[in-house]
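Q: Residues per chain are reported as follows:
There are 2 protein chains.
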Amino acid sequence: MSDTSPAPSRTAVVAAAIDLFASQGYDHTSVEQIAQAAGVSRSTFFRQFGGKEDVVFADHEVLLDESRAYLAQPHDDPWAAVCDASMRVFRHFAADPELARRRYAIVRQVPGLRDREIVTVFRYERLFDEYLRESLLGLDPLDAVGFAALVTSVHNHVLRRLLRGGRVPAAVLRRALDDAMRRYGVHPDGDASADDDLVVATFPRRMPAAEVTRRLRAALPR
Amino acid sequence: MSDTSPAPSRTAVVAAAIDLFASQGYDHTSVEQIAQAAGVSRSTFFRQFGGKEDVVFADHEVLLDESRAYLAQPHDDPWAAVCDASMRVFRHFAADPELARRRYAIVRQVPGLRDREIVTVFRYERLFDEYLRESLLGLDPLDAVGFAALVTSVHNHVLRRLLRGGRVPAAVLRRALDDAMRRYGVHPDGDASADDDLVVATFPRRMPAAEVTRRLRAALPR
Numbered sequence: 037m038s039d040t041s042p043a044p045s046r047t048a049v050v051a052a053a054i055d056l057f058a059s060q061g062y063d064h065t066s067v068e069q070i071a072q073a074a075g076v077s078r079s080t081f082f083r084q085f086g087g088k089e090d091v092v093f094a095d096h097e098v099l100l101d102e103s104r105a106y107l108a109q110p111h112d113d114p115w116a117a118v119c120d121a122s123m124r125v126f127r128h129f130a131a132d133p134e135l136a137r138r139r140y141a142i143v144r145q146v147p148g149l150r151d152r153e154i155v156t157v158f159r160y161e162r163l164f165d166e167y168l169r170e171s172l173l174g175l176d177p178l179d180a181v182g183f184a185a186l187v188t189s190v191h192n193h194v195l196r197r198l199l200r201g202g203r204v205p206a207a208v209l210r211r212a213l214d215d216a217m218r219r220y221g222v223h224p225d226g227d228a229s230a231d232d233d234l235v236v237a238t239f240p241r242r243m244p245a246a247e248v249t250r251r252l253r254a255a256l257p258r
Numbered sequence: 037m038s039d040t041s042p043a044p045s046r047t048a049v050v051a052a053a054i055d056l057f058a059s060q061g062y063d064h065t066s067v068e069q070i071a072q073a074a075g076v077s078r079s080t081f082f083r084q085f086g087g088k089e090d091v092v093f094a095d096h097e098v099l100l101d102e103s104r105a106y107l108a109q110p111h112d113d114p115w116a117a118v119c120d121a122s123m124r125v126f127r128h129f130a131a132d133p134e135l136a137r138r139r140y141a142i143v144r145q146v147p148g149l150r151d152r153e154i155v156t157v158f159r160y161e162r163l164f165d166e167y168l169r170e171s172l173l174g175l176d177p178l179d180a181v182g183f184a185a186l187v188t189s190v191h192n193h194v195l196r197r198l199l200r201g202g203r204v205p206a207a208v209l210r211r212a213l214d215d216a217m218r219r220y221g222v223h224p225d226g227d228a229s230a231d232d233d234l235v236v237a238t239f240p241r242r243m244p245a246a247e248v249t250r251r252l253r254a255a256l257p258r
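Chains as they are written, first to last, in this note's numbering: chain S, 37 to 258; chain P, 37 to 258.
Bear in mind the hints are in silico, worked out from the structure with no lab data behind them.
It should be emphasised that the depicted structure is a prediction, and the values quoted were computed from it without experimental measurement.
Note that the Cβ used here is the ideal one computed from N, Cα and C, for glycine as well.
What you were told as hints is all true, and nothing was included just to trick you.
Stretch by stretch, here's where chain P covers chain S in the computed footprint (C-beta under 8 Å, at least three residues):
no. : region
1   : 151–163
2   : 174–188
3   : 209–219
Calculated from the model, a selection of chain S residues having no Cβ within reach of chain P, i.e. all distances over 10 Å:
no. : residue
4   : 47
5   : 48
6   : 59
7   : 66
8   : 112
9   : 170
10  : 200
11  : 202
12  : 224
With the rest of the complex left out, here is chain S (with noise of 0.2 Å):
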């Protein structure tokens, strides 16, 4: 019956691997290591992860798919979304900081798990990148560049923190994030009103086009 729900399986997988690679390292633990630790059959282990790297990078996987699916519902504000998006992911590692601490550690000893770290943190770049283009028709790819690549940067820089070993609250990411927001101009804050017929709206020089044409068509009555 195991094969009916197969994500708790999935993540008991991964914490085994973890552990195993924390007290023995990662070049020395094998499959077969893993798969009896978790009391998974070998080839349900590959059935369940391509190999032996993949159990590192599953979280980001399931972290990257749900972000997906996040930004893929309605939302107001695409800039707040994608913000409230790498919120989601800082608070999957923070809710468990030492499962995250033992997985980073296992990262930064080994060169191809490092890298392949930093072409799985760019897949969220790219993702915000694509979302931010899609939700505001005649945005300048500029803006959806530095703005995806702002707010993963500080994301990063952030959980990095958490993981080596620091007491950080979610509030501080939240902070770095309203600055980005402030540093396109598009910080809720500063958002026309709706409440009367006549709208006067001001917006910062600095804020895209695309998004004061955005702002305006949902203030105006219709």
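Got chain S sorted already, so can you dock chain P onto it with the hints?
A: For chain P alone, kept in the frame of chain S given last:
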């Protein structure tokens, strides 16, 4: 005597390799074929490059070294220096767009090369990040990380437009980098002047405190 001037020889080997990769495919090109086409011995090839993959990234290695050397020179304005380093990398590829395009086409076709490109790009980002932190003591690391990511991402976007066949003047990147500096409130247009004994300076609220301190120190008479 060729050993005393390895640099031009390396460039010739790179060009010969890119030509072969483009005409017969990366996977179907052997080190022997590259060495023969470039007129070097197999052992010279392996001394100059670690392997076949390294030929594709030889330019980036040189450019990373040059960027590091450029940033190590004295600069009045670290933020502008990072932007100038980015411009220099762009100009290198723009000087021979056809070679750069052939290289890019190969990288895009081979997943392993694509991943290594992402990792290589991240090395520029880290170089800029570390340079800013070293140059501006007390700078919030989040500002260094974010600015480095922003510069690197807009650079790559503009470079990719060039590599995809567009005519992209360097001024396009310059404008994007000016924008990046404005988003951090560090564009030279906003500089304090040191013409008189009394200095009255205004700074954008979003300028990092460490940068305000640096500018005040630079502007005040000793």
